[in-house]
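Here's the letter readout for the chains.
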Amino acid sequence: MPRARIEFSKGDRVRFLSHLDLMKAMARAIRRAEIPIAFSEGFNPHPKMNFASAVAVGVSSESEYMDIELQHEVDIKEIVGRLARAMPPGLDIKGGRIVPDSTPALMAEVNRAAYHVSAPAGEPVNGEELSAKIAHFLSTPEIVIEKRTKKGLRPKDIRPGITHFRGSVSGERVGFLLGTVLGSDGSVRPEEVVCAFAKQSGLPIDCDSLYIRRISLYTEKDGKQIDPMDVN
Amino acid sequence: MRQLIGNTILPKVIKPVRYEGNEWNSVHKEWDSTPVKIAFAFPDVYEVGMSHLGLRILYHIVNSREDTLMERVFAPWVDFEEKLREIRIPLFSLESYKPLTEFDVMAFTLQYEMSFTNLLNILNLGGIPLLASDRDSRWPLVIAGGPTAFNPEPLAPFIDAFLIGEGEEAIHEIIDVIKKWKQSPGGYQKRELLTDLVRIPGVYVPEFYDVTYHADGTIKEVVPNVSFAPAHVVKRIVRNLDTVDFPTGPIVPFTEIVHDRIMLEVLRGCSRGCRFCQAGMIYRPVREKKPETILQQASTLVKNTGYDEISLTSLSTGDYTCVQGVLESLVDRYGPVGVGISLPSLRADSFSVELAKQVQRVRKTTLTFAPEAGTQRLRDVINKGVTEKNLMEAVEGAFRAGWTGVKLYFMIGLPTEDKADLDGIADLAYKVVDLGRDILGSRFGRLKVTVSASSFVPKAHTPFQWVPQDSIDTLKEKQHYLARRLKHRRIVFNWHDARLSSIEAVFARGGRRVAAALEKAWRLGCKFDSWTDHFKFDKWIQAFAETGIDPAFYANRPFGKDEVLPWDHIDTGINKEFLASEYEKAFRGETTSDCRYDKCTDCGVCQKLPAAVDLKGGAVNAPG
Chain A
106 MPRARIEFSK GDRVRFLSHL DLMKAMARAI RRAEIPIAFS EGFNPHPKMN
156 FASAVAVGVS SESEYMDIEL QHEVDIKEIV GRLARAMPPG LDIKGGRIVP
206 DSTPALMAEV NRAAYHVSAP AGEPVNGEEL SAKIAHFLST PEIVIEKRTK
256 KGLRPKDIRP GITHFRGSVS GERVGFLLGT VLGSDGSVRP EEVVCAFAKQ
306 SGLPIDCDSL YIRRISLYTE KDGKQIDPMD VN
Chain B
371 MRQLIGNTIL PKVIKPVRYE GNEWNSVHKE WDSTPVKIAF AFPDVYEVGM
421 SHLGLRILYH IVNSREDTLM ERVFAPWVDF EEKLREIRIP LFSLESYKPL
471 TEFDVMAFTL QYEMSFTNLL NILNLGGIPL LASDRDSRWP LVIAGGPTAF
521 NPEPLAPFID AFLIGEGEEA IHEIIDVIKK WKQSPGGYQK RELLTDLVRI
571 PGVYVPEFYD VTYHADGTIK EVVPNVSFAP AHVVKRIVRN LDTVDFPTGP
621 IVPFTEIVHD RIMLEVLRGC SRGCRFCQAG MIYRPVREKK PETILQQAST
671 LVKNTGYDEI SLTSLSTGDY TCVQGVLESL VDRYGPVGVG ISLPSLRADS
721 FSVELAKQVQ RVRKTTLTFA PEAGTQRLRD VINKGVTEKN LMEAVEGAFR
771 AGWTGVKLYF MIGLPTEDKA DLDGIADLAY KVVDLGRDIL GSRFGRLKVT
821 VSASSFVPKA HTPFQWVPQD SIDTLKEKQH YLARRLKHRR IVFNWHDARL
871 SSIEAVFARG GRRVAAALEK AWRLGCKFDS WTDHFKFDKW IQAFAETGID
921 PAFYANRPFG KDEVLPWDHI DTGINKEFLA SEYEKAFRGE TTSDCRYDKC
971 TDCGVCQKLP AAVDLKGGAV NAPG
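From first to last, the protein sequence lines are chains A and B.
Residues 106 to 337 in this note's numbering are what the first sequence lists, from first letter to last.
Residues 371 to 994 in this note's numbering are what the second sequence lists, from first letter to last.
No wet-lab data here; the hints were simulated from the structure.
Possibly wrong hints are sitting among the right ones.
From the structure, some residues in chain B lie toward chain A, with a derived Cβ separation under 10 Å [what the hints assert, rightly or not]:
| # | residue |
| --- | --- |
| 1 | 371 |
| 2 | 373 |
| 3 | 392 |
| 4 | 394 |
| 5 | 395 |
| 6 | 557 |
| 7 | 623 |
| 8 | 625 |
| 9 | 626 |
| 10 | 676 |
| 11 | 678 |
No residue lacks a Cβ here, since even glycine has one placed at the ideal position from N, Cα and C.
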């Protein structure tokens with residue numbers, strides 16, 4: 106069955122949607138757009154759609170991806186156009202393409218995420234000091250945080266999950282560009298990194314009021330970065 | 371404003387999507403150029419309020435007018451309220467985040483008595499004075515409607531005008547009056563506006579009525595204090611459900627709400643005549659939609675919402691004369707595209723189980739029936755036309771069709787109830803268990819019989835409006851007795867807090883005087899009373915004590931047959947004589963049949979109101 110890959114954004118005004126809310130919103134938009142999506146077999150048929158990654162409540166995103174399986178071939182321009190008109194405000198379709206059958210599932214493929222994180226600072230922060238402290242932070246071989254799990258607080262080393270981390274000062278706020286590993290093994294959340302940094306550096310960064318925006322999702326493979334829309 | 375809330379409050383509250391306000395199909399109108407602005411307030415949280423069809427209907431109708439906008443307001447959850455009060459921001463509407471004080475009208479829907487404290491809280495959070503007498507024309511006009519407005523008196527001091535009955539047509543007349551005065555060049559006095567409003571049939575303006583009392587606290591009379599207010603306010607009613615405006619582009623919430631599906635109303639009213647049931651009295655007569663209307667609306671609704679489930683709603687959808695044909699068409703049409711059909715309410719008979727079988731897509735584990743009482747004697751008293759045979763056939767059908775769970779709804783504290791009736795509840799539960807053992811065989815281990823017992827609350831405009839409620843202690847004793855009798859591995863017994871039911875009864879049958887206790891209770895911190903975690907019984911008792919209100923006077927006293935009832939000036943179209951005769955028949959154990967299947971019961975509605983029983987199916991189903 107043909108598969109369409111759709112790129113969309115989760116805007117600021119809908120950043121408080123949970124992943125479940127987002128999935129439902131998409132399923133309903135697809136139905137409104139009358140896209141011939143395929144359904145799972147069985148008593149309670151589900152539309153066949155898969156997402157690259159869940160975006161957390163409160164986090165907006167410039168680029169998210171979903172695959173939808175189609176009952177039959179449809180012109181991708183038609184899908185993108187109809188879907189765009191059926192999207193609730195704040196969720197916008199950025200593009201789409203038909204991907205070959207052999208393309209791995211998004212979840213299996215996408216393994217990196219980049220974020221912009223902005224945090225209020227209690228007192229003015231010096232840019233050079235910030236850079237120096239980030240360099241020190243990254244040179245730490247192990248960054249262990251307490252992670253809340255179902256079994257209580259567990260220690261977790263987040264250092265392997267950080268691919269890049271830069272900071273800059275803008276007025277009374279501190280901004281970070283942050284790259285993380287995504288996926289079942291060792292994925293870290295942006296707030297974990299920024300809060301661990303605030304704690305280690307002692308800088309007056311209010312990590313309870315972070316404003317997080319996901320900038321990109323991609324696949325890191327053999328030293329190359331592959332955009333999910335760029336599959337062969 | 372939106373940004374401020376988004377940055378300071380939303381990251382710190384649970385379920386922030388409740389306050390998002392930009393859902394699909396929400397209506398965002400140009401604020402400055404729209405002459406009339408109405409905030410529709412549902413005095414409970416978003417997920418509850420958004421599940422209410424009346425809101426959807428009025429939102430659609432009002433926003434269809436070019437000259438008016440309607441935006442939504444819900445009771446913010448306690449965490450959100452705390453933040454609002456902390457940073458001193460008044461409560462706002464969801465669509466444009468405008469403070470409530472900027473609206474011309476605050477329109478509340480009253481669905482249950484225990485939401486009254488939330489209504490006061492919403493006014494207060496909006497910075498609006500609670501008392502109508504403290505608000506002049508500079509404040510929003512506060513109006514209210516919905517089923518609980520049929521006894522408006524407990525809210526009389528707070529509400530400027532009530533609309534009694536169905537709002538689809540009357541709302542236009544109300545808006546026209548408000549617009550006229552708002553645009554009058556010299557400004558206006560609120561009394562001028564109210565004087566015009568009260569001329570609209572169905573509109574009740576409490577300040578135009580004086581209540582006088584006897585020494586014993588009962589009402590002497592309720593009379594208009596102005597010549598232009600009617601002695602009786604007759605409810606509004608829509609004659610034709612096929613032609614009345616119905617929302618086919620309803621809002622699709624982002625977050626899961628209680629009824630997260632298309633709500634397609636198939637008929638209005640119920641004439642089964644259960645004597646405790648207020649809905650069965652106040653929504654008469656029964657009016658059905660044509661099958662073509664339903665199919666047409668279903669198609670538009672699916673296209674406009676993208677929902678994957680259509681619920682055919684009404685007080686009793688199994689009674690719809692065209693139910694089978696409509697179900698078949700809908701299942702044929704939407705099954706293949708993954709849209710399911712559901713029936714919200716089922717009668718306890720095998721016909722209903724057949725319907726349930728027809729629509730079930732997911733093998734749901736539980737079917738729910740409401741025999742209401744444990745013995746035939748008591749079911750006759752309450753005129754619940756369901757027999758044990760009906761119920762057992764229904765349960766058998768359900769087990770044979772694969773259901774392994776049955777939920778049985780009962781009421782305790784019904785008039786004339788004795789120990790045999792409580793035993794009857796337990797006996798029925800055990801009979802269902804036995805039947806399950808016989809039919810389910812190896813799957814018996816999965817059987818779950820849930821017995822739910824709510825406490826009878828006498829309601830205005832019903833044959834049982836005169837009946838006292840059992841005391842809290844008596845209700846508790848009955849609950850404990852049943853809990854002991856229903857100890858069984860396959861039975862789960864649930865009951866409601868008797869203290870909550872007793873306060874509900876005070877406001878269900880209270881007059882104007884109980885308003886003081888309501889305001890006091892709110893001042894003492896009562897809100898979200900119907901939420902178990904937030905119900906503060908001790909504060910309510912304190913509020914009654916401090917305002918000199920004896921709750922038992924309203925909840926536990928038999929009201930006299932010649933007594934003027936607090937709601938006697940509100941007219942549902944049903945004759946008081948009919949209610950009295952139903953009351954008498956109840957105590958004689960005599961039943962009254964449904965006028966859809968038998969002769970007219972002379973309730974008075976079709977004679978008094980501009981509407982008639984409107985059935986679309988010709989030959990009707992056999993009575994259940």
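Checked hints:
Nearest Cβ of chain A to the Cβ of residue 371/B: about 13 Å, over the 10 Å cut. The hint is violated. Interface restraint check: residue 373/B against chain A, minimum CB-CB distance 9 Å, threshold 10 Å, status holds. Given hint, residue 392/B at the interface with chain A, holds; its Cβ is 5 Å from that chain's nearest Cβ, closer than 10 Å. The interface hint given for residue 394/B holds, since its Cβ lies 4 Å from the closest Cβ of chain A, which is under the 10 Å cut-off.
For residue 395/B, the shortest C-beta to C-beta distance to chain A is roughly 9 Å, which falls under 10 Å, so the interface hint holds. With its C-beta approaching chain A no nearer than about 38 Å, residue 557/B sits outside the 10 Å limit, and its interface hint is violated. Proximity of residue 623/B to chain A holds as hinted, the smallest CB-CB distance being about 9 Å (cut-off 10 Å). Evaluation of the residue 625/B hint against chain A yields a held restraint, the C-beta minimum of about 6 Å falling below 10 Å.
For the restraint placing residue 626/B at the interface with chain A, the shortest Cβ-Cβ distance is roughly 8 Å, inside the 10 Å limit, so the hint holds. The beta carbon of residue 676/B comes within 3 Å of a beta carbon in chain A, closer than 10 Å, and the hint placing it at the interface holds. At about 7 Å, the closest approach between the beta carbon of residue 678/B and any beta carbon in chain A falls short of 10 Å, and the interface hint on this residue holds.
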